[in-house]
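K.L.:
Modelling step: build the complete structure from the supplied sequences, incorporating the hints.
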Amino acid sequence: MQLALTRHNIEDLLPVLVIPLLTLPSMAILIHSGRADLAPFALSASLLMTIGQMGFFVAGEVVSMDRRQQLVEIIVASPASYAVILLGRVGVLTALGLLGFGEGWLIAWGVFGVPVPIIHGGLLTATLLATVIASTGTALLFTALLGLAGTTRTFQHAVNGPFYLLGGVLVPVHFLPVWLQPFAPLTFFYWAAGLVRDALRPGPVEDPMLRLGATVGLGLAAGLIGMLVIGRMLGRLRRDGTLSLA
Amino acid sequence: MSNIRIMRHAFLVGIRDFQMFWTWRTWTFGWLARILTSAAIWVLMGRLTGSPQQLDYLLIGNAAVAGVGTFAIAAAVWDRWDGVYSLLIASPASLAPTTIGRMAIWIFHWLGSSAATFAMLILAFGWRPPLHGLLLAPVGVVLLSISTFCLSVFLGALAGAVPALRNILINLLTTAIIAFCGVSVPVSFWPSPVQWIAAALPCTHGVAAIRLMMADGSATAILSELGQEIAVAAFWLVLALLAIDRMAERGRRDGSIEFG
Amino acid sequence: MPAVETRDLGRVYAGGVRALEGLSLSIERGEVRGLLGPNGAGKTTLVRILSTILLPSEGQAFVLGHDVVRDTAAVRAAIGIVFGGDKGLYPKLTARQTLDYWAALYRVPIEQTRRKVPALLDRVGLATRADDRVETYSRGMKQRLHLARGLIGDAKVLFLDEPTIGMDPIAARDFRALIGELRGEGRTILLTTHDMAEAEAVCDRVALIDHGRLLAVETPESLSRLVSQHERIDFEGDDQIVQAVQDLPGVVAVKPVLPTGFRVEVADADIVHSVLALLVEQGVTSVNTSRPSLEEVYVHVVGDRGLKV
Numbered sequence: 001m002q003l004a005l006t007r008h009n010i011e012d013l014l015p016v017l018v019i020p021l022l023t024l025p026s027m028a029i030l031i032h033s034g035r036a037d038l039a040p041f042a043l044s045a046s047l048l049m050t051i052g053q054m055g056f057f058v059a060g061e062v063v064s065m066d067r068r069q070q071l072v073e074i075i076v077a078s079p080a081s082y083a084v085i086l087l088g089r090v091g092v093l094t095a096l097g098l099l100g101f102g103e104g105w106l107i108a109w110g111v112f113g114v115p116v117p118i119i120h121g122g123l124l125t126a127t128l129l130a131t132v133i134a135s136t137g138t139a140l141l142f143t144a145l146l147g148l149a150g151t152t153r154t155f156q157h158a159v160n161g162p163f164y165l166l167g168g169v170l171v172p173v174h175f176l177p178v179w180l181q182p183f184a185p186l187t188f189f190y191w192a193a194g195l196v197r198d199a200l201r202p203g204p205v206e207d208p209m210l211r212l213g214a215t216v217g218l219g220l221a222a223g224l225i226g227m228l229v230i231g232r233m234l235g236r237l238r239r240d241g242t243l244s245l246a
Numbered sequence: 001m002s003n004i005r006i007m008r009h010a011f012l013v014g015i016r017d018f019q020m021f022w023t024w025r026t027w028t029f030g031w032l033a034r035i036l037t038s039a040a041i042w043v044l045m046g047r048l049t050g051s052p053q054q055l056d057y058l059l060i061g062n063a064a065v066a067g068v069g070t071f072a073i074a075a076a077v078w079d080r081w082d083g084v085y086s087l088l089i090a091s092p093a094s095l096a097p098t099t100i101g102r103m104a105i106w107i108f109h110w111l112g113s114s115a116a117t118f119a120m121l122i123l124a125f126g127w128r129p130p131l132h133g134l135l136l137a138p139v140g141v142v143l144l145s146i147s148t149f150c151l152s153v154f155l156g157a158l159a160g161a162v163p164a165l166r167n168i169l170i171n172l173l174t175t176a177i178i179a180f181c182g183v184s185v186p187v188s189f190w191p192s193p194v195q196w197i198a199a200a201l202p203c204t205h206g207v208a209a210i211r212l213m214m215a216d217g218s219a220t221a222i223l224s225e226l227g228q229e230i231a232v233a234a235f236w237l238v239l240a241l242l243a244i245d246r247m248a249e250r251g252r253r254d255g256s257i258e259f260g
Numbered sequence: 001m002p003a004v005e006t007r008d009l010g011r012v013y014a015g016g017v018r019a020l021e022g023l024s025l026s027i028e029r030g031e032v033r034g035l036l037g038p039n040g041a042g043k044t045t046l047v048r049i050l051s052t053i054l055l056p057s058e059g060q061a062f063v064l065g066h067d068v069v070r071d072t073a074a075v076r077a078a079i080g081i082v083f084g085g086d087k088g089l090y091p092k093l094t095a096r097q098t099l100d101y102w103a104a105l106y107r108v109p110i111e112q113t114r115r116k117v118p119a120l121l122d123r124v125g126l127a128t129r130a131d132d133r134v135e136t137y138s139r140g141m142k143q144r145l146h147l148a149r150g151l152i153g154d155a156k157v158l159f160l161d162e163p164t165i166g167m168d169p170i171a172a173r174d175f176r177a178l179i180g181e182l183r184g185e186g187r188t189i190l191l192t193t194h195d196m197a198e199a200e201a202v203c204d205r206v207a208l209i210d211h212g213r214l215l216a217v218e219t220p221e222s223l224s225r226l227v228s229q230h231e232r233i234d235f236e237g238d239d240q241i242v243q244a245v246q247d248l249p250g251v252v253a254v255k256p257v258l259p260t261g262f263r264v265e266v267a268d269a270d271i272v273h274s275v276l277a278l279l280v281e282q283g284v285t286s287v288n289t290s291r292p293s294l295e296e297v298y299v300h301v302v303g304d305r306g307l308k309v
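Note that the protein sequences, when read in sequence, are chains A, B and C. First residue of the first sequence? That's 1 in my numbering, and the numbers climb one at a time after it. First residue of the second sequence? That's 1 in my numbering, and the numbers climb one at a time after it. First residue of the third sequence? That's 1 in my numbering, and the numbers climb one at a time after it.
Note that these hints are calculated values from the structure, not bench results. The hints are all genuine.
Now the in silico label distances, taken between C-beta atoms and shown as ranges:
#1 C:Ala73 - B:Leu242: 15 to 23 angstroms
#2 B:Ala234 - C:Ala73: 24 to 32 angstroms
#3 B:Ala234 - A:Leu186: 47 to 55 angstroms
#4 B:Gln53 - A:Asp207: 35 to 43 angstroms
#5 B:Ala234 - C:Gly184: 49 to 57 angstroms
#6 A:Ile118 - B:Gln53: 27 to 35 angstroms
We put the beta carbon where it would ideally sit given N, CA and C, even for glycine.
P.N.:
Shown next as structure tokens:
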């Protein structure tokens, strides 16, 4: 159903269409500086920013739209669990964000003539899958907090930037101020970005299973909290007729 | 005079638009959080590449164009959403002052974003631009904001025909500015056709002027770039005025202008 | 010179959809003309052409002698538009700010604006809420603000497009009273509606339009006769009562209506009274009178007159 909705609403696909275009300036900076070898950084950014945008921004819109069309009350009144429905829809949207990797790769190759080899294909596949799971869970939490609580618009615009910076999706965290660095591993972006870059570079990969586990684990934890929050808010809706968290 | 009066009133509508999105609190902690982290990420690429020149280049470019191009194009279609577009067309006044007046608030949004980014980069990155450069830079930022605004009015007029494209146009505009207009890499990095296009885009000459200001460039060179930025603004303004009228006539012909 | 005149006006949309065809009408200065028709009849298309936001495909239209296609500026300076619904106003502006803005758009000098805006707000009953945001207004209040906005340029010709749609009956009645006042000022008003009662209450004449064509132009009296000629009474009763009703002079027919009722059709409004009196006398308690719907009136009009004006 979400795919059908998305096909009709081009705006949902906006992040998939435009975020990977940021590979243009990022690759330009790298090549202009003679550092084409850092192309995997541009690709990890393209992937994670697209997925992040699809997850946070678009998923938040899903709930806003449901609220505007007063569907939430209808769905809540039905036997289906709104949380489960949301999970499915957010999952589909987040999975579409995977296209960000492919587009970024095509730009690096087609525009700049830099074909980034996929050295560890299995690891990359596992990382992409883990990223979808993690992003879905995290997006679910944010959807619950932002969308259902009705403060969507403002923080939709804001929430991604700090996560991308902290998670080191484009620039590794050791370039951040020292006092910020300990917080980075709390985001799944941190683990996913590192894994994507390692999958695209020769040489052994350190602790892949641990890092994949951290990626998925953080997402699942966020998702679980998200489901609980949604459950609590919908319970309040049934009782009081309002969807507020307070 | 009457057009100024109309723009004044339309500007009030624009202020209300802005207030729908932001309070001072949410603008500061929401919007600025996004803009500043975005600028920081790009600037950090300078550290990633290990090139001090690249770092300096990114500092100036990202401070100058922070937030530029966002929102304005979307504002161009809000008269249709409010259901007043048909009434505006049927009034004796021209559409241009109402459209421009309503969209103009976003110039201030961009100027505020740029100012905050200059401040953040100075504080967070230890950037020490020359004082005279810092004092002159606002001139460049104002001019590039105005020329970006003129292009936004033009694109906004086109977006009236397909409102669903408005956010795509905003994103394409902001990405093009970051990529091609001398913000991240020199314009000369790109192939000639891209350079010619960049020369006609807003920000290219304004950013170049600001770089010259920071580098003790000659007054002639600075004024030349500023003059070209003004020319770009005028070019897009003329196209914008034509587009606004054309789109209205198109709407009258194809029947797409509805009441309400 | 009439205030509004159309000559064989036609409009075809993309895909060959014809909204208006060969429409010729003339509205005298100072007249309140109703344009009555079901949804999709072409009423709004006509108003859009006259208000210059839509170009005709065929024919011509004139407002105060100015061609709506060639002399657009002159038309726009002389007209006001009021349409129904929630849109058409800036929700975050106050009523005062709204009228100030539209005064600027209609080039009303600033000095005049300072006098006119409070006067108009007072006239439409919004003076006490003038500094509240439009988004806090009821539908009726928004409609009154629409009317004030339509009057800000001192329009000589007003187009009211379904202005009372969605309004509660009291608000609609008050709005119609305002229209009556405007009629007294000599303004020409074209009011589109699909509410026959509204058309009858407010208009000097009513044009019936359907499928883009003008069917007839009637005075409210003849429209009323047309309607009341076919007024009906529904009741529940036995065969004996049915027979008694059928025997009354002026009763056209008594037909069964599912599940257990009967419908009486009468030739004249006066007969209704006699039928009701008889039913009450016979102890019938379940009685209901109704007027024909717009569609049924149209069927009769088309049946009686074909498509001739």
